[in-house]
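Below, each chain spelled out in residue letters.
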Amino acid sequence: MCLAIPGKIKSIESMYNGTVQMAKVLFGGITKEASLEMVPDAKVGDYVLVHVGVAISKVNEDEAQKIFGYLREAGELDELIG
Amino acid sequence: MKYLSEYRSPELVDYFLKEIKRTVTKPWVIMEVCGGQTHSLVKNGLLTMLPEQVRMVHGPGCPVCVTPLNLIDKAVFLAEEKKVILCSFGDMIRVPGSKKSLLDAKANGADIRILYSPLEAVKIASENPDKEVVFFAVGFETTAPANALSVIHAKRQGLKNYSILTSHVLVPPAMEAIVNDDENIVRGFLAAGHVCTIMGLSEYYPIVEKYKMPMVVTGFEPVDLLQGISMLVSQLEKGEFKLENQYSRVVEEEGNPAARKVINDVFESSDREWRGIGTIPGSGFELREDFSEYDANKKFQVNIAKAEENKDCIAGQVLRGQKKPHECSQFGKRCTPSNPLGAPMVSSEGACAAYYHYSNVGQNELLNA
Ligand code: SF4
Numbered sequence: 014m015c016l017a018i019p020g021k022i023k024s025i026e027s028m029y030n031g032t033v034q035m036a037k038v039l040f041g042g043i044t045k046e047a048s049l050e051m052v053p054d055a056k057v058g059d060y061v062l063v064h065v066g067v068a069i070s071k072v073n074e075d076e077a078q079k080i081f082g083y084l085r086e087a088g089e090l091d092e093l094i095g
Numbered sequence: 003m004k005y006l007s008e009y010r011s012p013e014l015v016d017y018f019l020k021e022i023k024r025t026v027t028k029p030w031v032i033m034e035v036c037g038g039q040t041h042s043l044v045k046n047g048l049l050t051m052l053p054e055q056v057r058m059v060h061g062p063g064c065p066v067c068v069t070p071l072n073l074i075d076k077a078v079f080l081a082e083e084k085k086v087i088l089c090s091f092g093d094m095i096r097v098p099g100s101k102k103s104l105l106d107a108k109a110n111g112a113d114i115r116i117l118y119s120p121l122e123a124v125k126i127a128s129e130n131p132d133k134e135v136v137f138f139a140v141g142f143e144t145t146a147p148a149n150a151l152s153v154i155h156a157k158r159q160g161l162k163n164y165s166i167l168t169s170h171v172l173v174p175p176a177m178e179a180i181v182n183d184d185e186n187i188v189r190g191f192l193a194a195g196h197v198c199t200i201m202g203l204s205e206y207y208p209i210v211e212k213y214k215m216p217m218v219v220t221g222f223e224p225v226d227l228l229q230g231i232s233m234l235v236s237q238l239e240k241g242e243f244k245l246e247n248q249y250s251r252v253v254e255e256e257g258n259p260a261a262r263k264v265i266n267d268v269f270e271s272s273d274r275e276w277r278g279i280g281t282i283p284g285s286g287f288e289l290r291e292d293f294s295e296y297d298a299n300k301k302f303q304v305n306i307a308k309a310e311e312n313k314d315c316i317a318g319q320v321l322r323g324q325k326k327p328h329e330c331s332q333f334g335k336r337c338t339p340s341n342p343l344g345a346p347m348v349s350s351e352g353a354c355a356a357y358y359h360y361s362n363v364g365q366n367e368l369l370n371a
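Residue numbers (this note's numbering), protein chains in the order written: chain H, 14 to 95; chain W, 3 to 371.
Treat the hints with care, since some could be wrong.
[As the list claims (entries may be wrong)] Simulated pairs of lysine-lysine, PhoX-like, Cα-Cα distance not exceeding 20 Å:
#, chain 1, residue 1, chain 2, residue 2
1, W, K20, H, K79
2, H, K71, W, K4
3, W, K263, H, K37
4, W, K335, W, K308
5, H, K45, W, K4
6, W, K4, H, K79
7, W, K325, H, K56
8, W, K335, W, K325
9, W, K125, H, K37
10, W, K335, W, K313
11, H, K23, W, K4
12, H, K45, W, K125
13, W, K157, W, K263
14, H, K21, W, K4
15, W, K263, H, K71
16, W, K85, W, K300
No lab work stands behind these hints, which were simulated from the structure alone.
Work the whole structure out from these sequences, hints included.
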């Protein structure tokens with residue numbers, strides 16, 4: 014029920030006289046609409062976490078990379094994030 | 003990076019499993035509060051991979067499961083008797099009320115629509131000005147901004163035919179209810195990542211301090227869950243109790259301020275009944291007085307008697323982590339997902355249903371876990 018998945022913003026359009034920003038968000042091969050009212054500074058190309066049609070957070074790239082530090086020494090990194 | 007498949011990497015799963023095995027010396031009971039995490043742990047077979055000393059128990063974090071029977075009866079009543087267009091998330095549709103589910107009502111001709119987002123319900127209201135539209139607004143803090151936004155959108159458009167039937171539950175009061183219970187066995191929590199994405203961490207520090215209970219805010223993918231468990235085991239073994247954030251790629255200290263504002267504008271906290279547990283003080287959201295015209299309860303004045311739960315169901319103990327689903331005498335016998343006797347069997351995120359669905363995946367190990 015609290016499922017929220019990350020997707021990439023493909024395009025943004027204004028609705029209701031500019032009061033609501035709606036985005037088309039790409040999840041793998043599927044595009045869905047999401048309201049950007051909760052992440053007002055999100056731009057095209059950003060990854061956002063979407064839950065029931067509302068983007069609730071941007072994905073922080075630096076933080077996301079951290080976990081791969083564990084594998085860096087093992088030399089298994091390249092194929093994972095390639 | 004797609005921020006998804008990477009967190010299913012077998013190499014990282016292996017890395018954190020080894021970490022856990024290397025660190026653990028004593029038995030610990032850890033609870034994941036969120037049903038999405040329960041589902042992921044069971045479905046990915048992670049419970050069968052953990053060392054024996056790490057016993058995962060499953061919390062009450064499935065909003066579909068803990069929605070009282072009485073509210074399902076109300077939703078059915080609104081659809082059948084008041085002829086509203088009743089809109090709901092798909093998860094809620096099959097859950098039986100005391101007499102029937104929304105799906106049964108739909109089969110009998112009631113106008114019930116399964117939606118992905120509450121914002122779609124507002125659109126349906128604007129397209130059907132001569133009909134009343136009610137959204138069945140269940141959820142945790144994660145879903146509260148979307149449900150609140152639907153009300154704000156309806157108000158902005160001046161719609162008079164939209165309302166919500168709220169069944170909103172909150173995580174921190176439930177955690178306190180679990181640790182305050184005399185029979186509590188939980189020694190550490192994986193806190194629900196998406197709830198914290200919205201609310202931030204501030205509500206959790208007092209619980210960590212007061213109950214000396216280590217906590218790690220954790221994501222949903224296998225690597226997230228194992229890293230969260232590894233961080234928690236490390237704290238437990240050292241005798242520490244801190245709040246740590248495994249899910250920092252989306253959870254910030256202060257949560258999402260815009261989302262918190264929308265919630266605060268529309269909702270206020272209230273006592274709430276949790277199916278299988280009972281009433282927990284301050285554990286729910288209701289619409290504020292300013293928005294009472296969007297409150298389906300007030301708009302339609304539905305009075306439906308409280309329904310009795312099945313006496314053989316031990317949901318209260320399962321939802322507090324004191325018993326595992328298969329320790330219930332009814333599990334898989336009289337109680338199955340197609341005929342659930344109690345809360346944790348009604349949705350695949352409930353502990354009983356998760357165990358039932360994936361019980362063929364290494365059943366013995368799972369049951370011993
Ligand atoms: S198996 Fe069924 S009856 Fe037993 S606790 Fe779970 S929901 Fe209740």
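Status of each hint after checking the structure:
Simply put, K20 (chain W) and K79 (chain H) have alpha-carbon atoms about 19 Å apart, close enough for the 20 Å limit, and the pair holds. Proximity of K71 (chain H) to K4 (chain W) is assessed by CA-CA distance (about 13 Å); at most 20 Å being required, the pair is judged to hold. Restraint check for K263 (chain W) and K37 (chain H): not satisfied, since their Cα atoms lie roughly 24 Å apart, outside the 20 Å limit. For the proposed pair K335 (chain W) and K308 (chain W), the alpha carbon gap of about 26 Å is over 20 Å, so the pair is violated.
Straight-line distance between C-alpha atoms of K45 (chain H) and K4 (chain W) comes to about 16 Å, which keeps the hinted pair within the 20 Å bound. Taking the CA atoms of K4 (chain W) and K79 (chain H), the gap is near 15 Å; set against the 20 Å cutoff, the hint holds. For a cut-off of 20 Å, the pair hint linking K325 (chain W) to K56 (chain H) is broken: about 47 Å separates their Cα positions. Taking the CA atoms of K335 (chain W) and K325 (chain W), the gap is near 17 Å; set against the 20 Å cutoff, the hint holds.
With a CA separation close to 17 Å, the supplied pair K125 (chain W) and K37 (chain H) stays within the 20 Å bound. Taken as a hint, the K335 (chain W) and K313 (chain W) pair is honoured in the structure, with Cα atoms around 15 Å apart against an allowance of 20 Å. Annotation: proposed proximity of K23 (chain H) to K4 (chain W) holds, straight-line Cα distance about 14 Å (limit 20 Å). Only pairs whose Cα atoms come within 20 Å are accepted, and K45 (chain H) paired with K125 (chain W) is accepted, the gap being roughly 16 Å.
With a CA separation close to 16 Å, the supplied pair K157 (chain W) and K263 (chain W) stays within the 20 Å bound. For the hint linking K21 (chain H) to K4 (chain W), the alpha-carbon distance of about 8 Å falls within 20 Å, and the restraint holds. Of the pairs offered as hints, the one joining K263 (chain W) and K71 (chain H) holds, with about 17 Å between alpha carbons and a cut-off of 20 Å not exceeded. For the hint linking K85 (chain W) to K300 (chain W), the alpha-carbon distance of about 16 Å falls within 20 Å, and the restraint holds.
The structure does not agree with the numbered hints 3, 4 and 7 stated previously, though it agrees with the rest.
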